[in-house]
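S.K.: Chains as they are written, first to last, in the numbering used here: chain A, 1 to 215; chain B, 1 to 298.
Just so you know, these hints were derived from the structure itself, not from any lab. Each hint should be verified, as a subset may be incorrect.
Stated by the list, open to error - Calculated cross-link-like contacts (lysine-lysine; reagent style DSS-like; alpha-carbon spacing at most 30 Å):
hint, chain 1, residue 1, chain 2, residue 2
1, B, Lys209, B, Lys289
2, B, Lys147, B, Lys209
3, B, Lys209, A, Lys110
4, A, Lys215, B, Lys289
5, A, Lys215, B, Lys293
6, B, Lys147, B, Lys289
7, B, Lys289, B, Lys220
8, B, Lys209, B, Lys220
9, B, Lys209, A, Lys215
10, A, Lys110, B, Lys74
11, B, Lys209, B, Lys199
12, B, Lys147, B, Lys293
13, B, Lys74, B, Lys208
14, B, Lys199, B, Lys74
15, B, Lys147, B, Lys208
As the list claims (entries may be wrong) - If the Cβ cut is set under 8 Å, some of the chain A residues that face chain B in the computed set are:
hint, residue
16, Val54
17, Gln103
18, Phe113
19, Tyr115
20, Asn130
21, Val157
22, Pro182
23, Asn183
24, Leu190
Note that CB positions come from ideal geometry on N, CA and C, so glycine has one too.
The primary structure of each chain is shown beneath.
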Amino acid sequence: MARYIMTVDLRRCIGCQTCTAACRHANATPPGVQWRKVLDIESGEFPDVRRSFVPVGCMHCGDPPCMHVCPSTATYQRADGLVGINYELCIGCGYCAVACPYQARYIVHKREFAYGDRPTEQEEARFDPNRMSVANKCTFCSDRVDLAKEKGLTPGVDPEVTPACVNSCIAGVLAFGDREDPNSNVSQLLAENQFFRMHEELGTDPGMYYIFDTK
Amino acid sequence: MSDIKIPPGRVTPWHQTNWDWRAAGNFIGGGTGTGLLFFSTLAAGSADSYRIMALIALAFIGGGLTCVWLEIGKPFRAINVFFHPHTSWMTREGMVAVPVFLCGLAAAWFGGGIFVGMAALLGIVFLYCQGRILQASKGIPAWREPKIVPLILSTGFVEGAGLAAVLSAVLPGEGPRWLAGVLLGALILRRIAWTMYFKAVEQSGLPKKAMDVLRPFGAKFEMLGQLAPEILIVAGIFYGAVLPGLTLVAGLVAAASGWWLKYTIVARAAYNQGYALPVLPVRGQGEVKPGIKPGWTK
Ligand code: SF4
Ligand code: SF4
Numbered sequence: 001m002a003r004y005i006m007t008v009d010l011r012r013c014i015g016c017q018t019c020t021a022a023c024r025h026a027n028a029t030p031p032g033v034q035w036r037k038v039l040d041i042e043s044g045e046f047p048d049v050r051r052s053f054v055p056v057g058c059m060h061c062g063d064p065p066c067m068h069v070c071p072s073t074a075t076y077q078r079a080d081g082l083v084g085i086n087y088e089l090c091i092g093c094g095y096c097a098v099a100c101p102y103q104a105r106y107i108v109h110k111r112e113f114a115y116g117d118r119p120t121e122q123e124e125a126r127f128d129p130n131r132m133s134v135a136n137k138c139t140f141c142s143d144r145v146d147l148a149k150e151k152g153l154t155p156g157v158d159p160e161v162t163p164a165c166v167n168s169c170i171a172g173v174l175a176f177g178d179r180e181d182p183n184s185n186v187s188q189l190l191a192e193n194q195f196f197r198m199h200e201e202l203g204t205d206p207g208m209y210y211i212f213d214t215k
Numbered sequence: 001m002s003d004i005k006i007p008p009g010r011v012t013p014w015h016q017t018n019w020d021w022r023a024a025g026n027f028i029g030g031g032t033g034t035g036l037l038f039f040s041t042l043a044a045g046s047a048d049s050y051r052i053m054a055l056i057a058l059a060f061i062g063g064g065l066t067c068v069w070l071e072i073g074k075p076f077r078a079i080n081v082f083f084h085p086h087t088s089w090m091t092r093e094g095m096v097a098v099p100v101f102l103c104g105l106a107a108a109w110f111g112g113g114i115f116v117g118m119a120a121l122l123g124i125v126f127l128y129c130q131g132r133i134l135q136a137s138k139g140i141p142a143w144r145e146p147k148i149v150p151l152i153l154s155t156g157f158v159e160g161a162g163l164a165a166v167l168s169a170v171l172p173g174e175g176p177r178w179l180a181g182v183l184l185g186a187l188i189l190r191r192i193a194w195t196m197y198f199k200a201v202e203q204s205g206l207p208k209k210a211m212d213v214l215r216p217f218g219a220k221f222e223m224l225g226q227l228a229p230e231i232l233i234v235a236g237i238f239y240g241a242v243l244p245g246l247t248l249v250a251g252l253v254a255a256a257s258g259w260w261l262k263y264t265i266v267a268r269a270a271y272n273q274g275y276a277l278p279v280l281p282v283r284g285q286g287e288v289k290p291g292i293k294p295g296w297t298k
């Protein structure tokens, strides 16, 4: 069975936030909600300083604490590893949000707009009342991934069935694919490079792999 | 519940905004209510006193659960809370709450009998679920420490025994004289649990801001929440005849210190994990450098 993951080549990211904008466009997230965001981290002391740009979001954990704690079974894990939320079942208790060590979950109770107190045409058209007062987070664009079988396409290779953030990245930082397939783009990248996963010590088996150097 | 706004670009741990004082209210009400349900079996001087104590205990548990209900985003779907007993301690807490109320009400109705013991024991199971709810919150380092479970259990005992001591002093029928000793035992248990919890989080590391809450709190708590009621109880044992209210005051202080402890851990020390890099990546001509974990004590 597939296990879809994302690789993030930290050597390449320039912090342009195009992925953030693409995600907001694709998923119509409201102001203040960023399913995909890019951290801008300054570290070290002059003259030895570093700036790292680190895309983060839901890691689609292999052993997701958010799912284990969810009392309503709204949070679920698919056979291909993607972690989703059933908005019809969710009670908005926020337990998943305190269980997630990646700060990936949002609950919005009040409609807010990008400009003033009225929605833009786009915001009105894309508004989904089912997403109010329930948990939401990055889906790895599961709606696109789901089209792969029917269209005979490969997620991570064909843009139509690949997450929007990956498609949009101007620097080739993000890649998406099946970790279980040794020939997939992500498996190849991981075979050739050194990588880490964030907060791996917490036992969540996160599905975002950060590449930091060649082997 | 307030809207979750994750500050863009924020790297160091920040205070979670999902669970506020209402969540703390559930842990306070649940601990006090289940503790009282347990100790009222020992403390009540008469069947009528037991009835009153049991009903107060249920009111505390019910009040706590109402706080949770007020906090959830979809209160009219609350029934869905029962859907995941396989792994969710919140579901398990909800499932145990039902027989706690049924047995508690039956015990209050009959003023004795088998329901009294059943309600007391189920109450302890409910309290245990509350401890595990916090432990399973992997995103909040001050909660996920496993030693939080004995801390929540012993705090529930202190709250319950403290309130039982107060009620047995004011309700009809004389409660047992050794109740003060039981309260002292619960306080000693909580002292051990707190020390173990604090040592564990010091050792494993916490977000600095969480430690900035817990360290000064701990110093005050050990004096006002532990030592003060312990001294009052010992004084009550020796001077109770001249100052009969000593155990009552000790009970009040003990219960209130439990509420203080839970409010501090649940509502104030709830900083999240933040982000960390085990190594700094190669960029341009640079080399891989040791990683960073901003905003942590370790
Ligand atoms: S990153 Fe958080 S929300 Fe996503 S699967 Fe892991 S625990 Fe769940
Ligand atoms: S907020 Fe929804 S998805 Fe999250 S734990 Fe509660 S019921 Fe589950």
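S.K.: Now look at each hint and say whether the structure bears it out.
M.R.: Quick rundown of the hints versus the structure:
no., hint, result
1, Lys209/B <-> Lys289/B, "26 Å, holds"
2, Lys147/B <-> Lys209/B, "20 Å, holds"
3, Lys209/B <-> Lys110/A, "29 Å, holds"
4, Lys215/A <-> Lys289/B, "15 Å, holds"
5, Lys215/A <-> Lys293/B, "24 Å, holds"
6, Lys147/B <-> Lys289/B, "34 Å, violated"
7, Lys289/B <-> Lys220/B, "41 Å, violated"
8, Lys209/B <-> Lys220/B, "18 Å, holds"
9, Lys209/B <-> Lys215/A, "38 Å, violated"
10, Lys110/A <-> Lys74/B, "13 Å, holds"
11, Lys209/B <-> Lys199/B, "17 Å, holds"
12, Lys147/B <-> Lys293/B, "24 Å, holds"
13, Lys74/B <-> Lys208/B, "34 Å, violated"
14, Lys199/B <-> Lys74/B, "39 Å, violated"
15, Lys147/B <-> Lys208/B, "19 Å, holds"
16, Val54, "7 Å, holds"
17, Gln103, "6 Å, holds"
18, Phe113, "14 Å, violated"
19, Tyr115, "18 Å, violated"
20, Asn130, "11 Å, violated"
21, Val157, "25 Å, violated"
22, Pro182, "25 Å, violated"
23, Asn183, "26 Å, violated"
24, Leu190, "15 Å, violated"
When each numbered hint is compared with the structure, violations occur for hints 6, 7, 9, 13, 14, 18, 19, 20, 21, 22, 23 and 24.
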